[in-house]
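*Asks:* Take a look at the letters that make up each chain.
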Amino acid sequence: MTMNINQSDINKKQIDIINQQYTEKIRESAKKVLLEKKVDVVIGFKNGTEPMTTEPCLINKASDADKLIWNEHCRLNLANYVKGRKDKAAVVAKGCDSRNLVNHIIEHQIKRENLYIIGVPCNGMVDKSLNLKELKVEAESDTMQENLDLFPINRDMLQDNCKTCIKRNPVIFDEMIAEPVKEREWTKEEKLKESFESVNKIEAMAESDRWSFFNDMLSSCTRCYACRNACPLCYCPTCFVDESRPQWVGKGTDLIDVRTYHFLRAFHCAGRCTDCGACEAACPMNIKVRLFTKKLDKECFENFGWEAGMSLDERPPLDVYKVNDNANFIR
Amino acid sequence: MSEFEPKIITILCNWCTYGAADLAGVSRFQYPPNIRVIRVPCSGRVSPKMILSAFHNGADGVWISGCHPGDCHYITGNYYARRKFMLLKNFLEYNGIEPGRIHFSWISSAEGVKFAEVARDVVESVRQLGPAKYFIKKELDDNDLCSCLNKSNPDNNLAKNILEEQAA
Amino acid sequence: MKIIKIDKKIWSDGVEKSRDSYRLIGPVKDREFHQFRELAKGEQPDMNYKNSRLSPKSIAFPQSETMFIYDLDEKAEEHHIMQDAEKDYSPRAVIGIRPYDAKAFKILDLNFNNSDYQDPYWVNAYNCTTFISLAVNSPDKFDFSTSCATGPFDDSAVDVLLVDYNDSYLAKIMTDKGLAWLNAAGFTTKNGEIDGAVTGVSEAGEDIYEIIEKLKADAESKIRSKISFDKIKEKSILDIFNAPFWEDIAFACLNCGTCTYSCPTCWCFDIQDETNGRKGIRQKNWDSCMTPLFTVHATGHNPRHNDWERTRQRFMHKLKYFQDKYNQGIMCVGCGRCVEQCPANIDIRNICNQMNNGE
Numbered sequence: 001m002t003m004n005i006n007q008s009d010i011n012k013k014q015i016d017i018i019n020q021q022y023t024e025k026i027r028e029s030a031k032k033v034l035l036e037k038k039v040d041v042v043i044g045f046k047n048g049t050e051p052m053t054t055e056p057c058l059i060n061k062a063s064d065a066d067k068l069i070w071n072e073h074c075r076l077n078l079a080n081y082v083k084g085r086k087d088k089a090a091v092v093a094k095g096c097d098s099r100n101l102v103n104h105i106i107e108h109q110i111k112r113e114n115l116y117i118i119g120v121p122c123n124g125m126v127d128k129s130l131n132l133k134e135l136k137v138e139a140e141s142d143t144m145q146e147n148l149d150l151f152p153i154n155r156d157m158l159q160d161n162c163k164t165c166i167k168r169n170p171v172i173f174d175e176m177i178a179e180p181v182k183e184r185e186w187t188k189e190e191k192l193k194e195s196f197e198s199v200n201k202i203e204a205m206a207e208s209d210r211w212s213f214f215n216d217m218l219s220s221c222t223r224c225y226a227c228r229n230a231c232p233l234c235y236c237p238t239c240f241v242d243e244s245r246p247q248w249v250g251k252g253t254d255l256i257d258v259r260t261y262h263f264l265r266a267f268h269c270a271g272r273c274t275d276c277g278a279c280e281a282a283c284p285m286n287i288k289v290r291l292f293t294k295k296l297d298k299e300c301f302e303n304f305g306w307e308a309g310m311s312l313d314e315r316p317p318l319d320v321y322k323v324n325d326n327a328n329f330i331r
Numbered sequence: 332m333s334e335f336e337p338k339i340i341t342i343l344c345n346w347c348t349y350g351a352a353d354l355a356g357v358s359r360f361q362y363p364p365n366i367r368v369i370r371v372p373c374s375g376r377v378s379p380k381m382i383l384s385a386f387h388n389g390a391d392g393v394w395i396s397g398c399h400p401g402d403c404h405y406i407t408g409n410y411y412a413r414r415k416f417m418l419l420k421n422f423l424e425y426n427g428i429e430p431g432r433i434h435f436s437w438i439s440s441a442e443g444v445k446f447a448e449v450a451r452d453v454v455e456s457v458r459q460l461g462p463a464k465y466f467i468k469k470e471l472d473d474n475d476l477c478s479c480l481n482k483s484n485p486d487n488n489l490a491k492n493i494l495e496e497q498a499a
Numbered sequence: 500m501k502i503i504k505i506d507k508k509i510w511s512d513g514v515e516k517s518r519d520s521y522r523l524i525g526p527v528k529d530r531e532f533h534q535f536r537e538l539a540k541g542e543q544p545d546m547n548y549k550n551s552r553l554s555p556k557s558i559a560f561p562q563s564e565t566m567f568i569y570d571l572d573e574k575a576e577e578h579h580i581m582q583d584a585e586k587d588y589s590p591r592a593v594i595g596i597r598p599y600d601a602k603a604f605k606i607l608d609l610n611f612n613n614s615d616y617q618d619p620y621w622v623n624a625y626n627c628t629t630f631i632s633l634a635v636n637s638p639d640k641f642d643f644s645t646s647c648a649t650g651p652f653d654d655s656a657v658d659v660l661l662v663d664y665n666d667s668y669l670a671k672i673m674t675d676k677g678l679a680w681l682n683a684a685g686f687t688t689k690n691g692e693i694d695g696a697v698t699g700v701s702e703a704g705e706d707i708y709e710i711i712e713k714l715k716a717d718a719e720s721k722i723r724s725k726i727s728f729d730k731i732k733e734k735s736i737l738d739i740f741n742a743p744f745w746e747d748i749a750f751a752c753l754n755c756g757t758c759t760y761s762c763p764t765c766w767c768f769d770i771q772d773e774t775n776g777r778k779g780i781r782q783k784n785w786d787s788c789m790t791p792l793f794t795v796h797a798t799g800h801n802p803r804h805n806d807w808e809r810t811r812q813r814f815m816h817k818l819k820y821f822q823d824k825y826n827q828g829i830m831c832v833g834c835g836r837c838v839e840q841c842p843a844n845i846d847i848r849n850i851c852n853q854m855n856n857g858e
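Chains as they are written, first to last, in our numbering: chain A, 1 to 331; chain B, 332 to 499; chain C, 500 to 858.
Facing chain A, from chain B, some residues (calculated, C-beta under 8 Å):
1. Pro400
2. Tyr411
3. Arg413
4. Asn421
5. Tyr425
6. Phe435
7. Val449
8. Tyr465
9. Lys468
Restricting the straight-line Cα-Cα distance to at most 25 Å, the calculated cross-link-like pairs of lysine-lysine (DSS-like) are:
10. Lys298(A) with Lys415(B)
11. Lys586(C) with Lys469(B)
12. Lys549(C) with Lys288(A)
13. Lys778(C) with Lys338(B)
14. Lys468(B) with Lys574(C)
Per the computed footprint, the stretches of chain C lying under chain A, defined by three or more beta-carbons under 8 Å from a beta-carbon of chain A, are:
15. 763-773
16. 830-844
Bear in mind the hints are in silico, worked out from the structure with no lab data behind them.
Quick caveat, the model's predicted, so the values are computed rather than measured.
Where a beta carbon is used, it is the ideal one built from N, C-alpha and C, also for glycine.
Isolated chain A (complex conformation) (with noise of 0.2 Å):
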């Protein structure tokens, strides 16, 4: 397999270097641009309350900009922070929350001009669970210090999307913060087998085992609609699940009523799903509820050639037709 990532062979130590030099760029370019005037508010991450977590934030005094950082666990999407802004934003972005943004313009939601992107070459996210599975999550913070010097960013270490990331570049940027890093070239075989394997598993299982092993995932799911909320995708101003005439999906804990939001929720995000993981990254029962939205990645991908928030050009494929789209399951 040829792997063009580089970060196998990461140490914590380089990534510590990483991590400082594009924190102290971003703290530029955020100064810059709010002393130029250039834009009203700057969104990033700050550092969280205990290690290795982070919380986004919103800066709007050069004298803050200091808060801001870069490191391996900015999870969440900062395009989820911008949708419906009316004033002008600078965000840092990293590829996914680039492709979000695109998606955001092309759909209306923020304009362009309104952006000022400061673009993260990124590195991957480290899987949230490993704080805890690796890590010996006790009260005393000497250990932690210990065990947080041991970690390198491998490739078993990343979440599961950043395994598989296809952009890892911001596609849209106003400045970059560093000299991008090397994409991995994938073949159209390759995606459909290594990008999305999850799904193909599932595919290959029987019809009832698919329906068991689903209802087994979210038989743990308690509908904090977490996942739905870190979306930058989920922005309806009435969710179809507060809808109540008529009442699509029933409010108790009827597994039928969670299964039917999962369904929908990933249908809504048919080919404008980025891949960010940030639903993964929410969940607080660890569901992987992303093999609902990568099946119909693979759906689009497969069938019209699409992967979301590529390109300010083109049309997501529900928005647009071709008169000679697949027919043969129509009678």
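Fit chains B and C to the known structure of chain A by using the hints.
*Replies:* Positioned in the frame of chain A, the structure of chains B and C alone reads:
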């Protein structure tokens, strides 16, 4: 099994297939009475919510039909619908629904014969599959007694086992 | 108050034996996380669990609970009349609940069972439950229970407090209800005598008290995070409500329901009718102040229209309104679940301190 009469929710576009159903009727073409027709302005109006809702409420199959490509009253509605339907069908099957439960067709208002023919095929195909198994809302009076706790899940670890088996 | 020592060798047999007169609830691992649920026959509570992902409040306040059943079929007897849903309030014991999760039940009780209003579902479910709690010897880094008038060894809300000590559990018997369960499990002698008469107990008395005190001090010293809320009570509601920090605090908040659903003291609920054909139920579901639907009026007006106002509501309720109304501290037991699980790192410890110390 021969006793089983499927219930099929049929969503027809006003301008073509609904006309075809009318024509089949006045022409006295025979087709099974298992279909329940819902008329919509255009096949482009059909939302996945409606399909799931049909299954929730006890439909054994769903059949959606509109104008032939190029004939849409709204010029392009069915072209958009076609892309949506393909994703929908594949996604339903990915979720475990059997391929024969959901059907699509283009039938113009002149094709009363085709309407009767497709109706027969749809009903037969769903009859073969038997009653719906998935996405049915449970009977409401059969709630657990205490309703106090999360019950243990009989399918526990099934998913894990399946994936592990495949990996092996 | 008496203490007995239970050898771990006889523990599981005793638990199984208590099934004759109790339904048992305990922590079990389901996929990645532990959850509290009714234990199937032969199933043991996992006494080595660290924390359950969701709080055990669902024992008496389930996420979705059917209250009434109705039938709209005119041929049915008593159609169009709400019938009580069948309930089972026979005695049950929850084993291994953490002391502050048990304490949270006392807080919920203030809301569901007070002089103005008694929620029958809550009251019955709470009353039929015996709390066999397990002290937390090594609290995790999110734990700040000692700041919330409870702690890893708090025995104020439990019937029995078990302390894990080498090969045995030291059981502090706090109530008669607790004693009854120990009797049913056979951990006491036949004639109900407690002291010294139990299998493997030789050092009942002073020593055991000291041991427990030492374990307690050890556990409490491991808790590093602290909050203070002493000044919040004195401040006026409007001063905190209009404080400048809210929008900043709430910026990252996704307004999902993770914190409210995992919280042992969040008690808000919503009542919904659900019908299927002619049959229907009326159910009580968890609600969350994070969702816009929570406060939206029939006119369409929403007094908490903005995301950050809803975030503010959660903390104002827990840390200010509750204190003012009940005068019993804050509506938080410091279990740390919301801090651990929040996707956006909204940290109640920070917010509380900011409310306390901010201008």
